[in-house]
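Those protein sequences? They're chains Z and X, same order as listed.
Each residue of the first sequence is one higher than the one before, starting from 1 at the first, in the UniProt record's numbering.
Each residue of the second sequence is one higher than the one before, starting from 1 at the first, in the UniProt record's numbering.
Treat each hint with caution, since some may be false.
Since copy identity is lost for identical chains, a pair holds within one copy or between any two.
Unchecked claim - Derived DSS-like pairs (lysine-lysine); straight-line CA-CA distance at most 30 Å:
#1 K27 - K177
#2 K268 - K101
#3 K99 - K268
#4 K205 - K180
#5 K205 - K25
#6 K264 - K99
#7 K13 - K150
#8 K101 - K264
#9 K42 - K24
#10 K204 - K13
#11 K99 - K277
#12 K150 - K264
#13 K166 - K180
#14 K268 - K141
#15 K277 - K101
#16 K168 - K210
#17 K148 - K210
#18 K99 - K25
#19 K44 - K101
Calculated from the structure, these hints are not laboratory results.
What you are looking at is a predicted structure, and each value in this text was computed from that prediction instead of being measured.
Protein chains: 2
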Amino acid sequence: MFYFIGLGLGDAKDITVKGLEIVKKSKRVYLEAYTSILTVGKEKLEEFYGREVILADRDMVETQSDEMFEGSDTEDVSFLVVGDPFGATTHTDLVLRAKEKDLEYRVIHNASIMNAVGCCGLQLYNFGETISIVFWTDTWKPDSFYDKIKRNRDLGMHTLCLLDIKVKEQSIENLMKGKKIFEPPRYMSVNTAAEQLVEIIQRKKEEGEKDLAFTEDTICIGLARIGSETQTIIAATFTDMMTVDIGAPLHSFVIPGELHPLEKDMLKLFAYNDDVKQY
Amino acid sequence: MFYFIGLGLGDAKDITVKGLEIVKKSKRVYLEAYTSILTVGKEKLEEFYGREVILADRDMVETQSDEMFEGSDTEDVSFLVVGDPFGATTHTDLVLRAKEKDLEYRVIHNASIMNAVGCCGLQLYNFGETISIVFWTDTWKPDSFYDKIKRNRDLGMHTLCLLDIKVKEQSIENLMKGKKIFEPPRYMSVNTAAEQLVEIIQRKKEEGEKDLAFTEDTICIGLARIGSETQTIIAATFTDMMTVDIGAPLHSFVIPGELHPLEKDMLKLFAYNDDVKQY
Numbered sequence: 001m002f003y004f005i006g007l008g009l010g011d012a013k014d015i016t017v018k019g020l021e022i023v024k025k026s027k028r029v030y031l032e033a034y035t036s037i038l039t040v041g042k043e044k045l046e047e048f049y050g051r052e053v054i055l056a057d058r059d060m061v062e063t064q065s066d067e068m069f070e071g072s073d074t075e076d077v078s079f080l081v082v083g084d085p086f087g088a089t090t091h092t093d094l095v096l097r098a099k100e101k102d103l104e105y106r107v108i109h110n111a112s113i114m115n116a117v118g119c120c121g122l123q124l125y126n127f128g129e130t131i132s133i134v135f136w137t138d139t140w141k142p143d144s145f146y147d148k149i150k151r152n153r154d155l156g157m158h159t160l161c162l163l164d165i166k167v168k169e170q171s172i173e174n175l176m177k178g179k180k181i182f183e184p185p186r187y188m189s190v191n192t193a194a195e196q197l198v199e200i201i202q203r204k205k206e207e208g209e210k211d212l213a214f215t216e217d218t219i220c221i222g223l224a225r226i227g228s229e230t231q232t233i234i235a236a237t238f239t240d241m242m243t244v245d246i247g248a249p250l251h252s253f254v255i256p257g258e259l260h261p262l263e264k265d266m267l268k269l270f271a272y273n274d275d276v277k278q279y
Numbered sequence: 001m002f003y004f005i006g007l008g009l010g011d012a013k014d015i016t017v018k019g020l021e022i023v024k025k026s027k028r029v030y031l032e033a034y035t036s037i038l039t040v041g042k043e044k045l046e047e048f049y050g051r052e053v054i055l056a057d058r059d060m061v062e063t064q065s066d067e068m069f070e071g072s073d074t075e076d077v078s079f080l081v082v083g084d085p086f087g088a089t090t091h092t093d094l095v096l097r098a099k100e101k102d103l104e105y106r107v108i109h110n111a112s113i114m115n116a117v118g119c120c121g122l123q124l125y126n127f128g129e130t131i132s133i134v135f136w137t138d139t140w141k142p143d144s145f146y147d148k149i150k151r152n153r154d155l156g157m158h159t160l161c162l163l164d165i166k167v168k169e170q171s172i173e174n175l176m177k178g179k180k181i182f183e184p185p186r187y188m189s190v191n192t193a194a195e196q197l198v199e200i201i202q203r204k205k206e207e208g209e210k211d212l213a214f215t216e217d218t219i220c221i222g223l224a225r226i227g228s229e230t231q232t233i234i235a236a237t238f239t240d241m242m243t244v245d246i247g248a249p250l251h252s253f254v255i256p257g258e259l260h261p262l263e264k265d266m267l268k269l270f271a272y273n274d275d276v277k278q279y
């Protein structure tokens, strides 16, 4: 059996009891290591599981799945995914390749940021489409997600923004030289997300657009390390969100739509300052 | 500390390792027993945890929270919730009451149907607003959720439909007589959900409405016991969904919007018949 096992969001102990039992009896254990991270690394997981964990980068998952599947028709192989295997990142592609080879698979679900975001007090069923915000470069500043935020806000719905992760990226120089030297990983902070979003509305304003999705004074929510002991949630204006310090990655970002009174009361628990408390 | 602990969706072993450790050291352990169920009951949980579990019905959670909180300023008390504590059912109300009393709380997240539904192959970020479908009676047939399905479909988005659960309900007769006799629990099946939805579009058709959200031939998805060993997923037309047998509760229901090629390929894995395979 080929198992997709969600690890949840915090540390090694956020795996389920069922997931842990399967890991312990698997012949090989892979860890998907390019779309998300826990607050602990591979070594801590190996120590907790009492066995070797093989890091699976994008290249391995996308082009060497045969190697990963090997032997899973007669023995157990585990593929570990931070969060849930069908959460923010989905591994349907790998499922389809397994089925093509007539391999059985099973999924051990876990918390994902897609549902754990409910801890900020906003109701999950009031969220509209989820968006991803990518790192801008000097020459590439995509803003197509703005229209989705606008649409959600117009419908009174909240928007979960997943923030970019760059792992095993090469500099253009090294890429051109064909050197397999990788840049240090980068994880987008809520500061960068707020900055990029404010830059978009400033541009829209300059272009004369009147009905903006939000302003610098709109309350938004920054979340860090959800599910871990050091989890931090803060509700602040976009202006304040550009400079707040909520610590190490991973960060996520929420732009609320219409707020139910209970949702407002919850947000006040995470208020950055009196602007939010009087909200 | 007052802990909100998600149990996930399958059986006793879907709790996280961290959650289990907290349950074992808690002074009292409550199980929220009115918004969802696992495939196993309280007794199996007690056996697995090696300790007593107190069933908390709606009345206890909504009116006797002081009793539940008692002692949690100096000791640990656990409140277990099927799925995630902030998933399909949210317990923000209880969080706010704890904070009013200056009690600390912590959340141990887990899978919820709100993210585990991704196992049917539809991408979570393409889901629009989640809706709830309630049991109709002879005289009460609410259909306000239809407009939300329509809106999601018009935007090309999928709709997760949470299906009604009736636990500890009194018959009108017993209610009027003041007798605390409760009806057996009822869990809506995908058959009933499909029937009610088809009745709505038939009514709309009779009223001359042309631009319907879906027809009897639209493909929809029925899910049963997600996360358990007997998990069943089926993709079929609304007509077929009225009669398919996917077994015991809990069921959930999905109405897809626009489908990405990968999503189509995944749905074919769960095809009820050739209508869906050729989809």
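Worksheet item: Should K204 paired with K13 be assigned to within, between, both, or neither, using CA atoms and 30 Å as the limit?
Response: neither (46 Å within a copy, 51 Å between copies)
Worksheet item: Is it within, between, both or neither when you check K13 against K150 at 30 Å Cα-Cα?
Response: neither (38 Å within a copy, 42 Å between copies)
Fill in: Intra/inter-copy verdict for K148 and K210 if alpha-carbon distance must be at most 30 Å
both (17 Å within a copy, 28 Å between copies)
Worksheet item: What label fits K277 with K101 when the C-alpha limit is 30 Å: within, between, both, or neither?
Response: Cα proximity of K277 and K101: across copies only (18 Å, versus 56 Å in one copy).
Worksheet item: Should K166 paired with K180 be assigned to within, between, both, or neither, using CA atoms and 30 Å as the limit?
Response: within (15 Å within a copy, 59 Å between copies)
Worksheet item: How would you label the pair K101, K264 (within, between, both, or neither) given a Cα cut-off of 30 Å?
Response: Only across copies: K101 and K264 sit 18 Å apart there, 50 Å inside one copy, limit 30 Å.
Discussion item. When Cα atoms must be at most 30 Å apart, do K268 and K141 count as within-copy, between-copy, both, or neither?
Written reply: neither (33 Å within a copy, 37 Å between copies)
Fill in: Within, between, both or neither, where K99 and K25 count as close if Cα-Cα is 30 Å or less
within (22 Å within a copy, 43 Å between copies)
Discussion item. I want to check one pair: K150 and K264. Are their C-alpha atoms no more than 30 Å apart within a copy, between two copies, both, or neither?
Written reply: both (21 Å within a copy, 28 Å between copies)
Discussion item. Cα distance capped at 30 Å. Does K27 pair with K177 within a copy, between copies, both, or neither?
Written reply: neither (38 Å within a copy, 62 Å between copies)
Item to complete: First find the shortest C-alpha distance between K44 and K101 inside one copy, then the shortest across copies, and answer within, between, both or neither for a cut-off of 30 Å.
Response: For K44 and K101, neither the intra-copy (33 Å) nor the inter-copy (37 Å) Cα distance is at most 30 Å.
Item to complete: Pop the pair K268 and K101 into one bin, within, between, both or neither, using alpha-carbon distances up to 30 Å.
Response: Cα proximity of K268 and K101: across copies only (15 Å, versus 52 Å in one copy).
Of the numbered hints listed earlier, those contradicted by the structure are 1, 4, 5, 7, 10, 14, 16, 19.
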